[in-house]
Amino acid sequence: MPLKDDHTITADTFLAGIWKENPVFVMLLGMCPVLAVTNSVINALAMGIATTFVLLCSSSLISLLRNLIPKEVRIATYIVIIATFVTITDYVIQAISLELYNALGAFIQLIVVNCMILGRAEAYASKNRLLKTITNSLGMGIGFSIALLCLGSVRELLGNGSLLGYSIFGDAFQPWVVMVLPPGGFIVLGAWLLLFNWIKERSAKTTSEALVTQKEFSNAR
Amino acid sequence: MTVDVPQNPTSQKRAPERASSLSMIITLGGIAMLSGLLVVLTWQLTLAPIRENQRIMIEKAIFQVIPGATQRRSYALTDKGLEDLEPQSHANKNSSSQDKYSQTKAAKNSTLKFYAAYDVQGQLKGIAAEAAAQGYADIVRLLYGYDPQCQCIRGFSIIKMAETPGLGDKILTDENFLDNFSALDARLSYDKKTLGNPIITVKHGSKNNPWEIDAISGATITSKAVGKAINQGAEQLLPKLYPYLQQLQTNSSLNALSLNLKKEKGEE
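For the record, the sequence lines run as chains E and H.
Convert by adding 11 to the 1-based position in the first sequence; the result is the number in the numbering used here.
Convert by adding 938 to the 1-based position in the second sequence; the result is the number in the numbering used here.
Treat each hint with caution, since some may be false.
Listed below are several chain E residues computed to face chain H (Cβ distance under 7 Å; list not exhaustive) [stated by the list, open to error]: (1) Pro81; (2) Val84; (3) Val91; (4) Thr95; (5) Gln105; (6) Ala106.
Pulled from the structure, derived: some chain E residues nowhere near chain H, Cβ distances all over 10 Å [unchecked claim]: (7) Ala22; (8) Met38; (9) Leu121; (10) Ser137; (11) Arg140; (12) Asp182.
Rather than coming from a laboratory, the hints here were simulated on the basis of the structure.
Backbone N, C-alpha and C define an ideal beta-carbon position, used for all residues, glycine too.
Chain E extracted, bound-state conformation (with noise of 0.2 Å):
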């Protein structure tokens, strides 16, 4: 990374989780959770701060010590730093709710293993300042439960027929059971993958074709 990125945080920083590098719908990390716990939005909601919360924590941590890691430990240790980070979330959840915590099962102790984390430890943190690092991963964060979120809601719109508990359709509605099972979780996922990476295509597309006329135009000329 060129030294002159390392002051400068622009809004790309912290834009770049949420849409041109997210971590679910581009990167395709954590998909784990992303299947697992996003049966209804305030399920999505919760891993998504949850998840937000570590990811923000370690990555501070991880990035006020990357001078003071050795390369050959530099994974045991992110390991640890993010394993203590989710231990701490996990009492704290059973503190807030228990309730929640029973929805969320093993899922809160498997952020341990999350590999948009790990990644974000390893590919950012370590060779950023502590500010941009943060900056970057709030906007990692957010992205991640955005993406949960837009899971959440259709899973539990279809599933269920409410949103955040409340009834949307009436008792008229025959619910998707379907949806609320696992096999649910793929075709959402790949129902907003199609419609993400359509949005990209076609935005690249745009771009390309104007630099085509572009060209055409200046060639003719």
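Using the hints, position chain H against chain E.
What follows is chain H alone, placed relative to chain E:
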């Protein structure tokens, strides 16, 4: 580091490696200590709210399965007899959070734990006890409420389950299913040794007897787990509990003072 190198030329190549292994140990050790400190700190800080949450959850479950109850006491039924698990009313908070842990142990040692719930006047309203059975995804752990007056199960509440949302968890919301528990027959047999009729879950729409549970179509396995858990729990507890029921009624009046104290605290 650089000072040592000229004196020992053979280790010149290894020097950075050795230095880094020391720093590796220091780094890992330091990080581990820092982590330990953070985890212990969080554990200390969250211990009280977590225990409070568990107490509230159990209490809520008890008062839900025994309508009209406002107080509860924990008891254990051992081979020797009845044991009051709450020696002092002010120890309430601590002992109740340990209940959960001793619960699993108790099951192994032929000690049966249950909660006696009383109304405002200190009259026995019902007995609540935990039970468990294998469901669709994992073991379904529940608390059922037994009413000694009508000798029936008045309700149940899930403590922990991992049933499929939208399917298995209908056992909490399906009204027809919950109607089974308005007065589920749990009378003892003539010799008071077993249940008169085993509580069973039958296929949706084929309930004929008051001791049968009408399953939810689409959540049959979970419905069956509920029936099985209650049947096993009641079969174990109720015959053994029978001789003590009278004692439980009087027990509460003997401890009326402490109960009144608790009541006052609760009303504040």
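Hint check results:
1. Interface restraint check: Pro81(E) against chain H, minimum CB-CB distance 5 Å, threshold 7 Å, status holds.
2. The closest approach between the C-beta of Val84(E) and any C-beta of chain H is roughly 5 Å, which is under the 7 Å cut-off, so the hint is satisfied.
3. Taking 7 Å as the C-beta contact cut-off toward chain H, the hint placing Val91(E) at the interface holds, the least distance being around 5 Å.
4. With a cut of 7 Å, the hint placing Thr95(E) at the interface with chain H holds, because the nearest CB-to-CB distance is about 4 Å.
5. With a least beta-carbon distance of about 5 Å to chain H, the hint placing Gln105(E) at the interface is held under the 7 Å criterion.
6. Evaluation of the Ala106(E) hint against chain H yields a held restraint, the C-beta minimum of about 4 Å falling below 7 Å.
7. Listed as outside the interface, Ala22(E) is consistent with that label: its C-beta sits roughly 32 Å from the nearest C-beta of chain H, beyond the 10 Å cut-off.
8. Every CB of chain H is more than 10 Å from the CB of Met38(E) (nearest about 27 Å), matching its label as outside the interface.
9. Every CB of chain H is more than 10 Å from the CB of Leu121(E) (nearest about 14 Å), matching its label as outside the interface.
10. Here Ser137(E) stays apart from chain H, with its beta-carbon at least about 13 Å from theirs, past the 10 Å limit.
11. Non-interface call for Arg140(E) relative to chain H: holds, since the shortest CB-CB distance, roughly 20 Å, exceeds 10 Å.
12. With 10 Å as the threshold on Cβ separation, the claim that Asp182(E) sits away from chain H holds: the shortest Cβ distance comes to roughly 12 Å.
Going through the hint list in order, the structure satisfies each hint without exception.
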